[in-house]
Every structure is written in structure tokens, then in C-alpha cells.
Amino acid sequence: MGTAQPWQVARCPTGETGRDLVATYLIRRISTLAATLVAASVVVFLLLAVLPGKPAQVILGTQATPQSVAQLTKQLGLDAPLWRQYVNWVHGLVTGHFGNSYISQLPIGHQIAQSLAVTAPLIVLGLIIGLAIAVPFGVAAALLRRRGAGALIASTTQIGIAVPNFIAGLVLILVFAVKLSWLPASGFVTWSSDPWLAFKSLVLPAVALGVVEGAVLSRYVRSAVLDVLRSDYLRTARAKGLNRRQALVRHGFRNGSIPVLTVLGLEIPSLIVGAVVVESVFTLPGVGTLLLQAVANRDLIVVEDIVMLIAVTVLAVNFLVDVSYRLLDPRIGAAR
Amino acid sequence: MSVQMADLSPDPAAVELLVPGTRLSVWDRVRHDWSLLVGGTIVVCIVLAALVAVFWTPYDPLAVDPTQALAPASWHHLFGTDQYGRDVLSRLMGGAKLVLFSGAVSVAIATVVGVPIGLAAAVRGGVVDEALMRLVDLVYAFPALLAAIVLAAAVGASTLTAMSAIGIAYIPVFARVTRSSALQIVSSEYVLAARAYRRSTLAILVRHVLPNIRSILIVQMSLLFSLAILAEAGLSYLGLGTPAPAPSWGRMVEEAQDYLSNDPLLVLWPGVFIAVAVLGFNLLGDGLRDILDPRLRSSR
Amino acid sequence: MTLLEVDTLAVELGGAAVVGDVSFRLERGERLGLIGESGSGKSMTALALIGLLTDEAIVSGHVLLDGRDLIGMAEAQLCELRGDRIGMIFQEPMTALNPVMRVGHQVAEVVRQHRGGSRRAARGRALELLGRVEFRDPERIARSYPHELSGGQRQRIILAMAVACSPALVLADEPTTALDVTVQAQMLRLLGRVVSEEGAALMLISHDLAVVSSMCDRLLVMYGGRIVEHGPTAAVLEQPRHPYTAGLLATSSAMSDGTVAHGQPLPTIRGSVPGLGRFPDGCVFRSRCGRATDACRVRPPLDGGTHAFACWHPIETGTRS
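Residue numbers (the numbering used here), protein chains in the order written: chain E, 346 to 681; chain X, 1330 to 1629; chain S, 7 to 327.
Bound conformation, chain E alone (with noise of 0.2 angstroms):
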């Protein structure tokens, strides 16, 4: 029998073209994606409202009366009932009114603007450096098993995730900062005054984010590509005459895809918590090093914010990862 993949699930009916069942599926899908967004926001707003000391008297300090405190408390909405709050808050979400924080007065959603064009290509570059590494390697490893090359690298990979990343960083600003000072090693200047400089910023704590995020995935392109590697229908590709490389490309390329990608889904949270603290190591001023201030600061407002943009990020990479990979493999569309 061949290898029961995990994913694999109830085969359509002889004949039905599937489409029906997808709608379904994404109708279930969406509402179940609706309605867990609504009870993150809950949970998030309702972790940060229990919490001791009044944001009020956080912004005026402890030298401030209790009646200017009061007043504040009023001005702020915070006087009204919790349900209100929440209400406000997720009105203000939804139509971009982000609030103004508490300690610095400022808009939120402009400073999360603009920390996020820091992070965001961050994580992108990061995640295309993860490929560019963990497919070489996973491909490499399973076409190797056999040989002491793919135990150096399955050895290497160990090591590659062992490593957390902040030390990947500094090991990095070592090298290359310090010792050799091709790249900087802090900071960032916005792209609009220096792109190459920015980008060049961004180098190092991409490598960062990758070369363990790279390590991570390439045992899942290892697993991908031994299940292509024993299947039937590789063999069946074979015996047509195709050569291992044809067979391999054709028609693994896409099977083997398919798990990759689900599992590039599920890496994103990592990769966005990898990103905090990499911003810390090179002192980016992206979303990460703002929740980090926000919380030192009990500014609660841009730490609700923050948190809801990133479940919502997860959330909705999720949903995506799980409907294009429903579309990719077409055995699937009917119940899971």
C-alpha cells in the first residue's frame, strides 16, 4: 500500500466536480474564522482591562490628584461600563480610529504604520531566506539519506534550530558589523530618506530570522520529498520512462509542495515573534520594539492593539494557508 499521507481526507464522489463542496467549506470557514476573531478580541481586551492601577493615573503620575485622575479616567471613556469599552474599541478598530496612546498622545495607528514598514518586510525577507535555504538543504537531505553527506546535513539542521535566533543576531553583528563592518549593526532610517541603507539594515536580521526559521522548515521539505520519494505514482512516472529528475520535478513538485506550504502557514506566528525579538538585537523600530516599549510603559491601549493586529495577521494567514491548500490538492473539498 502506499504511504497514507495526514492530509488526505474523504475522496469526492465518482463524478462530482467539488466545487459545491468548496463554497460550503469557505462559508464554514469564513464564520469560523469570524467568529474566533470576535472571542480573540474579547479575550485580549478583557486580560488587559482586569489589570491593577488605572491608565489614568499611569499618564499623570503619582504626584496627580485623584480628582484630575477622575477626570482623565472620564475623558478617556475608561468611567464606562466594560461592555462599552469593548464596544468603543472594536468600533475603532474596524473603521481605523486606532485611539491616541496614553502615554505619548499620538495617534496609534499612525506609529503602527509606521513600524510596520519596518517588520513587514522584515518577516518577508526573512521567510524568503527560510526557503532559499530549508529547500536546498530538504531536498538535498532526502536525495542524500543514504550517505554520510545526509547525516551532515540532518546534523546541521539540528544545530540550525537549536540556535535561537537573538544569538544567530548577535553572532551576525559580530561578523559582519563589527569584524568586517560590511553591514550596520543597529538602527534604521526610514525608506523614504535612504532605501539602500534601509534595506541594508534589514539584511542582517533577515539572516537571522531565516537561517532558523530555514532549518526548521527544511526537515519538513526532507519529509515532503522522502513521502514523494517512496510513493506509487513516482514509480509509476519511472516506469514510463522518465528519468529521476523528470519524475522527481514533474511529479513530485507539486505533491511535495503541498505539505510545505501548510507548514510555511503555521511557521508565521514564529516568525512574527521571531521578529520581536530581532528587533531588539538590531534596535529596529518596527512592531515588535513598539509592543516592547508599550508594555514597559503600561501604555495598555497600543499593547491591546498591537496584540489584536497580530492574532488577527495569524488568524487570517491561517484562513489562507487553509483554503489555497484546498484548492492546490483536489482530493480535498469535502468534509474533513
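Hints were generated in silico from the structure; no laboratory data involved.
All C-beta atoms, glycine included, are put in the ideal place defined by N, C-alpha and C.
Where hints are given, some of them may not hold.
What the hints assert, rightly or not - Here are the computed distance ranges between Cβ atoms for each label pair:
hint : chain 1 : residue 1 : chain 2 : residue 2 : range
1    : S       : Glu244    : E       : Gln591    : 46 to 56 angstroms
2    : X       : Val1535   : S       : Val304    : 37 to 47 angstroms
3    : E       : Leu665    : S       : Gln83     : 41 to 51 angstroms
4    : S       : Asp13     : E       : Leu665    : 33 to 43 angstroms
5    : E       : Thr501    : S       : Ala301    : 53 to 63 angstroms
6    : E       : Trp428    : X       : Pro1574   : 40 to 50 angstroms
7    : E       : Arg589    : X       : Val1535   : 45 to 55 angstroms
8    : X       : Leu1464   : E       : Ser538    : 24 to 34 angstroms
9    : E       : Ala494    : S       : Asp143    : 48 to 58 angstroms
10   : X       : Leu1521   : S       : Ala127    : 54 to 64 angstroms
11   : S       : Arg195    : E       : Ala494    : 35 to 45 angstroms
12   : S       : Thr14     : E       : Gln591    : 41 to 51 angstroms
Claimed, not checked - Computed footprint of chain E on chain X, listed as stretches where at least three residues anywhere in the stretch have a Cβ under 8 angstroms from a Cβ of chain E:
hint : stretch
13   : 1383-1391
14   : 1473-1483
15   : 1504-1514
16   : 1552-1564
17   : 1594-1603
For this one, chain E is given, so just place chains X and S on it according to the hints.
Showing chains X and S alone in chain E's frame:
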């Protein structure tokens, strides 16, 4: 810090069967035992270091001595001293204690809460199952580290806080793993027989289900341990984990970062230790998995 | 010239000999059945013939196709032969096709691989082939994915792929085993017809005596990786010389020809097939044979002319078991 999702499947190389009846090649055998051996050794060393550190370290890890600041390795200080003159080796050993504590807390929380949830979902089925799995999905939406950051913001930074957050974030993984394994067992013949004898559900769980999922859980626990170590290191590096002056390896890296150009070893030693510890638990987990579930994947 | 001449073909895997000393000839248009239980090495033999065993298997001997030895041939040249001169049908139709590729494309691929030409031409040929294997709506089938088709349909598609380039030899490894009983007969009939139309030789591998007896001119009986009996179908089935063949016949025909009365136990061959590499030395069958003696510690040679057998104590002609 990557979230290794419940990677239940063993290394496919573990079960390369060409034709039913052939044994694993010698090469594969060596690889697995090697994995377990090296991983086990590393873990044992860490445990030993931690145990010793409970009673004795060459110097007090917290003792400051400005006259000895940034000293290189010597017979007095095998790994040198940091910028406050604290002995690095003593701090590394102290860190070992913390590593084990962190891992233990996370794994304990994830297991103690996650496993019963998974069992309940598997056994009850129906609405309870759906509800539990939705809840579990919800927790999935928040990356572990993010939860830890938020919790640190809420109640202040400490090892316990950080590790609780990690543990909670991994409840879904354990619940899922438990649920799917339990589902397989619950529908198996001998459980149905036990049911026919009107064994209470709890008895069935304890006597039939738990022993069978033990091996899968042990593997997941080992892998979670390594993830917890990474998470603790990261959080401490960010200042949201173990607070100073306690000797957390992650914190040591952060404190040494300013001296990167002058004294890179100060950064590298704790970094290497973190990597080795994580590697050790990963190898241990992989090795255990290959031994405990040798034929999960059949091939031609 | 003989189409296929196999000489002392042997396969060694992990130190164990899984196929040993297999020799036979196959003429153009001839139909040869290879029969044995699972674990007898028959599939390994087929895979060894076309060089599709894994790298760990050590293959020795000679396999001459039109005089050219396939053993030791360069991979590139083997690739040219596979699908073109030799068509192959495997056992598991459910997994033998690429699940994410449309079936028409998979059939057209064989054509393009060996005959070149445009996509359109290959597609046309694919539709033609699908018609030949009795699909009434080749267009619709060509557009389908494998999971939308039944096992029988998939096997027919694999047959279409196997004969796409008019091969001289078709290797069919248990082509009907995974199919429903009702579909099996149809499949065999179709296989026979298509092979005749091409004038191709057929090597049909099966554990099912009924299948090979209806389709094949000659039979090879394999056990323990070795040929134990070899001869014209009628002769082997009516006058088996090797105890294993006799045992197979007894077990398979007992139900249908009424030699066993109602309520009586079915005949079996005592013992079970040993795992690979664990066959006894000397005569491979002696651990299960009722006629074994000390003499059987020495491997009996395969001889006897057109109806050959490898046994020191063969069943006498004229008796049944």
C-alpha cells in the same frame, strides 16, 4: 524561536522498509541510537550541573567584584567574569537550575491541563468535543511568546509568569495530540469490550488509554521542554522573563551585549549553552520517538 | 531472436538473496505467467527486469532484451526502453497515479516522452488510447483526477499508459488483485485483447492460479525467490511435478471443483512463507514439504526440458498429489 507544531510523525528515515521483512539498515540504527545517546548525555549533564549548583558553585553567582570585571578565562575563573566581576561559570551553572525549572513548569501546565482536555474531547465527543477544540484553536491564535509578553505586562516579569504563559500556549498541542491518540484507542476493540463490562469511563481512561498514549506524550514533553528553554531565554533576553540579577542564560546574553566587540565570549558562552541544551532535548525527543513509535509510517 | 532471455537473474538485499538463479525465455507475442504467493520474490523479479529496484538491491545475471543486456545498462538507455519497449502495470491502481495531475495529462506524458511531438498531438493520442481501453467518454475521463475514478477505471488508464508506445513486452504485476471480483474478469479480458492487438508479449504475475491459467501459454512457479516449476500451462496445472505447485493447485481449486466435500477442512500447505532471507538452504521448500528427506539439503537443479521442475522427489506423472 520556532513553534514546532505537534510533529507526530517520526523521522521517515526511521522506517525505510523496501520489502516487508527486511530489517533497518545498520546505518539507520546507528543514527537513532546516536540521537538518543547524545541527547541523553546532554540532558544528564544539565541535570547534574543543576543538582550540583543547588549545593555548590565555585563562586556565588550573584557576588559582585568590580576588581575582577571582564577577566578572561583563567584557573580562578574557568569561563572568566562578566562586567560586574561575577564568575561566569557559577552563573552558567545557576542558569542550569533555571533551565530545568522553566521546562518543568511549562511542561507541567501543558500536560496537566492539556491531556485531560484532550481525553474529555475524545471520550465525550459531540458538542463537548467541538467546544473544546474551538477553545483550543483560539489559544492557537496567540503565539506563545506573545502571550508571555502580555502576561509579563499584566503581572510583572518573572520566570513563573513567563513559563506559565508558555505552558498555557502549549495546552492546545497537548490537547490535540491526546485527543487524536485517545480517539484511536477508544474505538479499538478491547475498549469496547471494557465498556461492555460496564467499566467506568475513568477506569477505562486510566487502565487502557493512558498507558498507550504515554509514549507519544513523553516525546511531546521532551520537545516542549526544548521550546520552553528557547522561550525562557528569549523572554529573559527581552527583559520580560527572569529578572536580574538571577542568572538566566538569556539574561546573561542581554547583559553582555554591550561588550560584544570587546569580549565576545561573554555573549557566546551562554548562547552556546542555550543551543546545546535545546539540542539535547530535541535529540532526546527525536531518539525517544524513533524508539517508541518505530513503525508509524509504513512505506513500500 | 528471442524477445527476452533471462539468465541466472539474482537479487540480493541487505545481505539476503531474495531472488536467485532465475532463468527463462520469452518469445514475441508469447504469454508467460509467473505464479507464487506473496514473499516468493515475483514482484522483485519484475522490478529487477526493468531496473526499478532501489539502489540498495544488488542485481546480477543477465536480462537480454532483443539481445541487449539490461543489467548494467546505463540509466539513460533504460529510461528509453521503459514505457517504450516495455510497458508496466503495477498492483495498486489506487495509488499508482499522480493525485494532483489530470489523468489525460498523465497518459499523454508517456507519448510525449518517447515520441515527442506537440501537446495537442499527444493529447489526441491519449484520447485514442482511452477509447481503446473501453472508456465511452474519453474526453471526460481525460479531464478527471484519479480520485474521481474507480479502481477499475484507474487500472484501465494504467493499461493505456503501458501500451501507449506499442511495446514489445507488457509486464503486469498483479493487475487484478486489488480490484473487485466482478471487475477482474473484465480487466483480464481487456488486457488480453489489447496485448494481442499490439502483438506484444505478456508477462503476467499473480498469486491467483485462475488468472494465469486463463491468460497464459506457459507458467513459471516461484517460491523463495527461485523457480520451482516451469512449463506449458496445461501441463503444469494438470500434471504438477513439484509439491509446491501441487499444494497451490489443491488449495485454490478445492472450492470450485468440489474435491472437498461439505464440512471437510480445506487443504492447505502446512507452515507459512518464511520472511525474506529466512528460507532454508538446499531446497527452499523443504521446511514445508511433506516429501522432504535429507537429500533435500542439497538444492535440486531445475531441469526436465519443456516441463522443468526442481525437486528430488517430484510427483509422479499420472498422480495428482
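Query - Structure-inconsistent hints, enumerated in ascending order - result: Of the numbered hints given earlier, those the structure breaks are 2, 4, 8, 11, 12, 13 and 15, listed in rising order.
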